[in-house]
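S.K.: From just these sequences and the hints, can you work out the full model?
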Amino acid sequence: MKNSFDVVIIGGGPAGIAAAIESKANGASTLIIERDAFLGGILNQCIHNGFGLTRYNEELTGPEYAEREINQLTRAEVTVYKNTMVVTIDAKEHRIKIVSKDYGVLWINYTSLVLAMGCRERARGSVILPGKRPAGVFTAGTAQFYINIMGQKIGNTVFVLGSGDIGLIMARRLSLEGCKVIGVAEIRSFSSGLNRNIAQCLEDYSIPLMLEHTVVEVHGDSRVTGVTVARVNERYEPIESTKAFYACDTLLLSVGLIPENELTVQAGIKLDAYTKGPVVNQELETEVDGVFACGNVTFVHDLVDYVSASGKRAGHAAALYALEAETRQREMAISVSLGSNIAMLMPQRIVKQNRSEAFEMMLRVSKRIEKGKIIVSNDREILYTAIRSYLSPGEAITLSVNYPNFNLPIKVNVIEL
Amino acid sequence: MDVNKICIVCPKGCHLNIEMNRDNAFLRVTGNLCIRGEQYAREEIDNPKRIITTTIKVIEGSIKRVPIKTATSISKSQIEDFITSATSMAVNAPVYMGDVLTIDGIQMKYICVIGRTVLKVDTKL
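Read top to bottom, the protein sequences are chains A and B. For the first sequence, numbering that gives the first Met the number 0 begins at 0 and goes up steadily by one. For the second sequence, numbering that gives the first Met the number 0 begins at 0 and goes up steadily by one.
Accuracy of the hints is not assured; some may be wrong.
[Unchecked claim] Within a straight-line C-alpha distance of at most 25 Å, the following computed DSS-like cross-link-like pairs (lysine-lysine) qualify:
id: 1; chain 1: A; residue 1: 81; chain 2: B; residue 2: 63
id: 2; chain 1: A; residue 1: 152; chain 2: B; residue 2: 56
id: 3; chain 1: A; residue 1: 179; chain 2: B; residue 2: 75
id: 4; chain 1: A; residue 1: 269; chain 2: A; residue 2: 410
id: 5; chain 1: B; residue 1: 119; chain 2: A; residue 2: 81
id: 6; chain 1: A; residue 1: 100; chain 2: B; residue 2: 63
id: 7; chain 1: A; residue 1: 370; chain 2: B; residue 2: 11
id: 8; chain 1: A; residue 1: 152; chain 2: B; residue 2: 63
id: 9; chain 1: B; residue 1: 56; chain 2: A; residue 2: 179
Don't read these hints as lab results, they were simulated from the structure.
M.R.: Structural data, given as structure tokens:
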């Protein structure tokens, strides 16, 4: 078997698949490594519809979106290793070590590497959740796997902590499958989920959304018997007098996602403290030569359509790097930093490019802003400015920023109007 | 009378303000960014509908469940009937994405679309 490729992609979800198709289309020999038995990643268990409105201009379910991508990949004749784990990245030698039942343990050489490992859910350990440790506490994604892939019911009466999109979607799914969902508690004053999901997942099923509330105790010995919920003050501290007991046998956690970067860290690739993904430039290359990253491993995107677009961009850059590697000269990078009201942004670096066209920037604001002015600038020029309404941390903003004329640090600010 | 709704047609989630006449019939809507928002608002007042997705059992498939969706949106009042009827449904592998399937409910027949190709167990994709 072949053990050397121009471009090797870690992860066969939507980011990795889009990267592979684009890489192959540019003439690079391409390999995708996927640890599961199926390509498509988490889309396979997201059976609800709402995917693909941007990419395909129609409303698809997760599995449908995945299968369309996989079919394109199959036609592109990209090499795929399934049931295969990457255990080591040796960025210096441009090689990775893989393990699988089919191929054993071996090293694969690459010219470009694309990180497309996606993200994972924050679990119980990531939030302060006092009380006992009975069975019946699930992350929303685990519950989704049990119900949609395994066809198993996870409980009868459910309380949901956190109002991320997966939590909202699972509240609806559980209601449809005959469970009673008694409430969704969100510690902040707003939900991080999309407005449409609050409407079609909670309001349609009369599930109360309790803002500024959190679970302060989990009850039960072998199985959850209930949760104590309390209102919180502006410092997110529970208010004693507002404690109330809710009887339930299941607690679902929907408390956020974090990029999955164990391999990235182990490879010595620098992570950004805000996105929790690798520091990348506008072509999605990391600080390590020849290593690119795309999709949710860089920044937790709102929609899979954007993840595919990110994969395509990284696949393109990775293929060009692989095919021109010897002649390429790395330019000094300009840093992009967070100004007021910015929670995270990407890219964190801008490199000189031949065509000085606009580049794409993604950011999240740190609080809700009714009306704000977004400014991307350096000390000598304004690269982007616009006034936008209803800015929310739950909805990432994408900007098309002009390429700078001066080699000066860039800062991004959102000014409240 | 006015009602406020969030448009669910796309991820933008427009804030709709829907005006109704004395008979609670749709009059006009504001706050929508596109024409689909108006259609949604009208339907939401007169006969709210949803596309419903669920899974059904696959016999001898490489996976146990296959996702399905209703081919068109169904009335909210039919959702329970649809889900209950789909629960007892099973298909034999192989099934292919886009295959059409009819589920007999008590209220009506539901036309559904298979959302994932499931080959027979032990068939290599």
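S.K.: Now tell me, hint by hint, if it's right for this structure.
M.R.: Structure-based check of each hint:
no.	hint	result
1	A:81 to B:63	holds, 19 Å
2	A:152 to B:56	holds, 14 Å
3	A:179 to B:75	holds, 18 Å
4	A:269 to A:410	holds, 20 Å
5	B:119 to A:81	holds, 18 Å
6	A:100 to B:63	holds, 23 Å
7	A:370 to B:11	holds, 17 Å
8	A:152 to B:63	holds, 14 Å
9	B:56 to A:179	holds, 23 Å
The structure meets every hint from the earlier list without exception.
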